[in-house]
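There are 2 protein chains.
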Amino acid sequence: MQLISIIPDFKPKNDSRLLEKAERLKPSLYHTSYPAPAACRVNGQVIPNEALGDMPLSRGDQVLLDFGRHIVGRVSLSLDQSGSAQDAPAYIRLDFAEIPGEFSEDPRQYHGWLSSSWIQREEMHIDILPARLDLPRRYAFRYIRLTVLDTSPKYQLLMRGASCAGESSADESALPVHAFPDDELKRIYEASLRTLAECTQLVLEDGPKRDRRLWLGDLRLQALTSYVSYRSIALVKRCLYLFAGSRFPDGRMSANVFTDREPAADDTFLTDYALWAAPTLMEYMAETDDAEALEDLLDPVLYQADYVLEHFLEADGIVTKEAADSAFIDWSDGLDRRTALQGILIQALEASASLCGLAGDPARAQFYRDKAETLRQTARRLLWSEELGCFLSGDQVSIHSQVFMILSGVMPMERASAALDKAMSFPGSPRMITPYMHHYYVMALLAAGLRGPAEKHLREYWGGMLKTGSDTFWESWDPSDPDGSPYGGRIVNSYCHAWSCTPAYIISRHLLSSPT
Amino acid sequence: MQLISIIPDFKPKNDSRLLEKAERLKPSLYHTSYPAPAACRVNGQVIPNEALGDMPLSRGDQVLLDFGRHIVGRVSLSLDQSGSAQDAPAYIRLDFAEIPGEFSEDPRQYHGWLSSSWIQREEMHIDILPARLDLPRRYAFRYIRLTVLDTSPKYQLLMRGASCAGESSADESALPVHAFPDDELKRIYEASLRTLAECTQLVLEDGPKRDRRLWLGDLRLQALTSYVSYRSIALVKRCLYLFAGSRFPDGRMSANVFTDREPAADDTFLTDYALWAAPTLMEYMAETDDAEALEDLLDPVLYQADYVLEHFLEADGIVTKEAADSAFIDWSDGLDRRTALQGILIQALEASASLCGLAGDPARAQFYRDKAETLRQTARRLLWSEELGCFLSGDQVSIHSQVFMILSGVMPMERASAALDKAMSFPGSPRMITPYMHHYYVMALLAAGLRGPAEKHLREYWGGMLKTGSDTFWESWDPSDPDGSPYGGRIVNSYCHAWSCTPAYIISRHLLSSPT
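Sequence order for the protein chains is F and S.
Letter 482 of the first sequence, counting from 1, is numbered 482 in the working numbering, and no numbers are missing.
Letter 171 of the second sequence, counting from 1, is numbered 171 in the working numbering, and no numbers are missing.
Next up, chain F with everything else stripped away, as it sits in the complex (with noise of 0.2 Å):
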């Protein structure tokens, strides 16, 4: 995910104690070897390995190497030349893409908003060949297309060979055993574990290819899904003591932190995002108990809900407007964000509280479940409209809405299928775009009691992509505009994001536990 947001001057507010943490929490990476696909695509045409290498490659020639699974790492290029000697350098362009669709947009012609310095694109020349190639930037890719955009009439290139090397700091040997109902749900198990281990490096980034930053929001869903599987808990801990380590100077955490230099949140806020540091802590503490991270993270955590119920609560106790146009929810247009970010705030109040419990102050934590009390009632009394059976949004009606009211225990219990279908079906109410808003969608359907529907969702929904010849789950996908993009052209899409690797944790806490 990336907004934009600029605050002139912003200078984060750093804890050296906590960054000092942080930094000693840091990962090594595992590094896996990855040779050349056992054949390739020479201008269209099957070309097996052992035969590329003697196949000469003059200019406009394009070499498509398909590596059969998604890679995050550093590629080498073996190259030579044929013919007469090398008279003049060797002119390259290498494109990496998630999947095939990236090569089919012209880089040049991406003007949308964000930055087109993500284009995985390089341009070279080899001065000297033989040459071996060790590209110094890291990549997120299965293909790789070499162009060749110049040799000279005397030689012609040859691509003798590549290899990849992916890094990652997923614990391979963590993972459990599963035995799965079917092909299609392990399909997509594995492939959100890949999407998984693609995202957990140095922290646990939001897309490799794209941002291969820290998002707040994003982590927690990350977190989850690694305590079903590789289990990084450390580098969970390492992330969330990044958010509080490098804040707002008021406090707030900001919605993502840098970290490839010295840690510096980002002057973007994001009210949902900052609201999610409590639950995501206090999932922390079920899995590990860890009473250092409790005690150093339980202030900068708890001020989140804090700040939102100081300055961002109308008098009637609903968020303001303020509020809800700081917040993501998701990327669908024209999304009234009240009511979804009513829910993540009593949320955020509920995980307060029980993590005020867990450090021994039962008074706080009182406070916390009341303050979520009230603001259950609040919502039931201003936001629910008993003609149209759901959750409104100012005027709004929208799926987001029901979820998040269903997730809070705001919604009744025995109405919430009804009210996801007058959503759904609703004229005009706007679309899920986000795999991370569809998690959230079947989180509300299980937390409902509609497991099946749960189920169908998650295997249409996910199952989808993977039907489009992908093998990790992707930033943006909705299913009815798949070519579409929040930014203005799928060249800049991530096609492997973190966000939306929450299958294997549903299907692992939610599925396999009780067969159907």
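Just so you know, these hints were derived from the structure itself, not from any lab.
Errors might be hidden in some of the hints.
Note that identical chains are pooled: a pair holds if it fits in a single copy or bridges any two copies.
[Unchecked claim] The calculated DSS-like cross-link candidates involving lysine-lysine, where the alpha carbons are at most 30 Å apart (straight line), are:
(1) 154 / 321
(2) 26 / 154
(3) 26 / 456
(4) 154 / 13
(5) 26 / 11
(6) 11 / 154
Got chain F; can you put chain S on it based on the hints?
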């Protein structure tokens, strides 16, 4: 110069003894530091250097640096950022140009017969700012243009500094001091030495931008100029050993030798270039009296004229059409090269005779001298047009023919001036295109005793390049077609080219010694 020749399965015959001597003669490079210019242009506006570092640059912005002189070497950039955090890579393009006109052509629109890989353009991503970019390749340039391809809406690029480390093996301390009669001649002299110095690298390169390689015809002119200036004696010797040490399997010298790896003769043969070997060695001997070089190089060098005598002479004593078609002479379109080549063969035979004399072989010396005289008589008999008062090549009247008939002593001296005038004004006579050919034209004027016209031509022709703002001399320059290129686009022309460095030689040896 670059000609395309491809001989299937060509393998040069290498003489390891000679090549080892060449390797031992490899010079060290001098490194000269060039700071960033005092001012630059940002989107066309002049900005002082001290202000540039704080000027935020966004997508599409361009910075143009003019280093004030031609440089061959390495470039380092110091880059930083302003605004909010760097949330995406910086994506920049660097274009390097020897003259500003290169910037006005779009590299993607170059479709000539040379490799577009010679165009000095790099596009790169910088993942983390601040960064010091030490570019790994060597460039030949006076101008650097940085284009910001993208930053992001959150941040801007800052160009804190640029520095260059010039490379040359030319020894500035060896330069003599001259008094010049006027500033024009001084400036021509200095530009010619700069041109030579920039080409004086680990070999005497033809041009540091393009080819960057040792060519035999260029070597002769570089050596002559070096003798009166930097005196790169060992380097000239090294280059002669490279030509002798890696040859065609039949013993012919290649037009050029690749030296970036194990030295290897190119499979390009140019009859005139091979024939220049004897004059070049003879001129080297006149400077050095180097007995080792004479012993090692005599046979390989004599073989070049022997080969032409045996394989490329018609029964009537004129070089064959095949030999002439394999000669360079000049880039002039439609030039008939037979008569010019005949003159060069005669010069090669005279030099071969002198070398045999030095080597204590008077019989062989007499053989070459007699042969030269015979070919002179043949040329006078078969190539002279009494009706036109000049030499013909086939049916063609050209300056080129007159020049080499003068330099080989074929032309009766008293008719030289009229013959040159006739050729110069003859309808359809091919124009001289290269400074290489113009050098021989000036030498012919001097040989014919036409010192005034020689100096006038030197001032007009080489001075004309300086009037465009250049501070080096070019590969190709036809004042009547200043934007012309023998390569289908001036963006690949070389604007600092060894074979145009001879004004310093002509001025030192022929103009300063006997002032008008």
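Now the hints, each set against the structure:
| no. | hint | verdict |
| --- | --- | --- |
| 1 | 154 / 321 | between (68 Å within a copy, 25 Å between copies) |
| 2 | 26 / 154 | between (51 Å within a copy, 27 Å between copies) |
| 3 | 26 / 456 | neither (38 Å within a copy, 74 Å between copies) |
| 4 | 154 / 13 | between (60 Å within a copy, 19 Å between copies) |
| 5 | 26 / 11 | within (24 Å within a copy, 55 Å between copies) |
| 6 | 11 / 154 | between (57 Å within a copy, 14 Å between copies) |
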